[in-house]
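S.K.: Note that the protein sequences, when read in sequence, are chains A and S. So in full-length UniProt numbering, the last one in the first sequence is 271, and the numbering has no gaps at all. So in full-length UniProt numbering, the last one in the second sequence is 271, and the numbering has no gaps at all.
Derived from the structure by calculation, the hints contain no laboratory data. Treat the hints with care, since some could be wrong.
[To be verified] Straight-line distance between alpha carbons at most 25 Å, and here's what the computed DSS-like set of lysine-lysine pairs gives:
1. K75(A) with K38(S)
2. K34(S) with K75(A)
3. K17(A) with K270(S)
4. K55(A) with K154(S)
5. K178(A) with K270(S)
6. K75(S) with K54(A)
7. K154(S) with K269(S)
8. K188(A) with K269(S)
9. K270(S) with K205(A)
2 protein chains.
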Amino acid sequence: MMKKFTINSYDKQFNLKEFKPDDTAELSKQDIKKEYDKLQEKFIELQEVFYASKKYGLLIILQGMDCSGKDGTVKKVLTGVSPNGFNVENFKAPTPEELGRDYLWRTHNKTPMKGDITVFNRSYYEDVLVTRVHKDIDDETAFSRFREINEFEKYLVNNNTIVLKFFLNISKEFQQRKLENRLESPEKNWKFSEADLKERKFWDKYQECYSDVLSNCSTKEAPWYVIPADHRWFRDYIVLKTIVKTIEELDLEYPLIEGNIQELIQELKKN
Amino acid sequence: MMKKFTINSYDKQFNLKEFKPDDTAELSKQDIKKEYDKLQEKFIELQEVFYASKKYGLLIILQGMDCSGKDGTVKKVLTGVSPNGFNVENFKAPTPEELGRDYLWRTHNKTPMKGDITVFNRSYYEDVLVTRVHKDIDDETAFSRFREINEFEKYLVNNNTIVLKFFLNISKEFQQRKLENRLESPEKNWKFSEADLKERKFWDKYQECYSDVLSNCSTKEAPWYVIPADHRWFRDYIVLKTIVKTIEELDLEYPLIEGNIQELIQELKKN
């Protein structure tokens, strides 16, 4: 099933229109409940051995339009995971200091240490998305950045940082419903800004730019996953399943303790 | 009840021996269950308005001996809290780059932005604890640092960063049981190092140094809380209660939205 959402062909032009935001692979929330609970338990176990073994870093990139549920995904998928060795980095509009440097600098600075899992809520992909939509960079620059990003990710993977990239794919109608709900709730409407309305007008352009990202930045080393995100439960399920599968395949083990355990216990009892 | 665990007198010499690590204020786990669940819900609500209002930063400092449950406290108390605006910073042995600077540099660099809650798992207090126990600094330096730390915290509070300091107080017997459990579990014994045994030999010296910290670095602006931590449920309860009370007293409100909500909804429906 996962194959359907995985893009790892580099020579094909993908169009986001081919992907249904409300896809649930003919499953219902009830169908996956048991499996989802098990996945959560499994993830908590796996994260411990991942942290303990200190062999790899795991970088999880979340991208998506406003209201696609990047925050919600982090919150849901990572419930119960130990904060030790787990970080979330939010990348908002760059500061002058960040803009003064090359565009990979601020994100590279936050990539995970070995043993750690780091989620990027937005990432360097904004530097070929929002900037391109608003014509701060031209197409030539965008395509040159695609190549640089591919090289950068290949470098990370070669140096034991695993890269998982999730595009949370919602429909324009879904965004409208969410923005309306946001406006109507006194506890949520502070999140709303007129900029949201303005960005929404660029919806089609964003979809094109995302299609280019998927087509040009899906590599064997770091494929993109297009996650149907109109249904939150399905979004959480596919994201979690992908993370669990990725860590499981590493087949990690707890490091062995140095010294003799019984002797250490005796020593401990002495003082 | 909280008063019992709060140190906010600056002119008295405190001794850790006066505080019982297994204190539960004559309560049982069952007695507080309902209140605890409500506190958790309340905290999740409060964190949202804290983040939205962007008036204060909240710095939570956790200190304690090995096995005192610093990681566990973070994990338990913060279940369900949004990772947006919530950070945990672990301070281990300083790097050469960090040692090349003044001792407050690396922690100051990580203090919370307005709207954020940041937990320091260990902190600049290590620079008057582990360094003093092992005689890397003399008593004069330690006392001079106490004054500097007080001034630093006063400065933070004056600039809208709230500082909560929790000392997780365990008994020596409790630590022994925990270390034994750690050694006996194949999934946990990788955490054990001979250094744990060596540090344990300095137990009494650490208790003295902690007593000095409590006596000299409890201020009106930033008191220490001594949390009985032999019982995990009581530890979590008191820490959470203190955090909730602190944020509640700020009486924060969601910011008002700019513009007319009905007009914005109409605008939204147009595209």
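S.K.: Against each hint, give a clear statement of whether it holds in the structure.
M.R.: Going through the hints against the structure:
1. Distance hint between K75(A) and K38(S) is fulfilled; the C-alpha atoms sit about 20 Å from each other, no more than 25 Å.
2. The hinted pair formed by K34(S) and K75(A) meets the criterion: a straight-line CA distance of about 24 Å does not exceed 25 Å.
3. A C-alpha spacing of about 22 Å is found between K17(A) and K270(S), which places the hinted pair at or below 25 Å, so the restraint holds.
4. The suggested pairing of K55(A) with K154(S) is violated, with an alpha-carbon distance near 42 Å, which exceeds 25 Å.
5. At most 25 Å may separate the alpha-carbon atoms for a hinted pair to count; K178(A) and K270(S) meet this at roughly 15 Å.
6. Note on K75(S) and K54(A): the hinted pairing holds, with a Cα-Cα distance of about 20 Å set against a maximum of 25 Å.
7. Straight-line distance between C-alpha atoms of K154(S) and K269(S) comes to about 50 Å, which puts the hinted pair past the 25 Å bound.
8. With a CA separation close to 19 Å, the supplied pair K188(A) and K269(S) stays within the 25 Å bound.
9. Taken as a hint, the K270(S) and K205(A) pair is honoured in the structure, with Cα atoms around 18 Å apart against an allowance of 25 Å.
When the structure is compared with the earlier hints, violations turn up for hints 4 and 7 and for no others.
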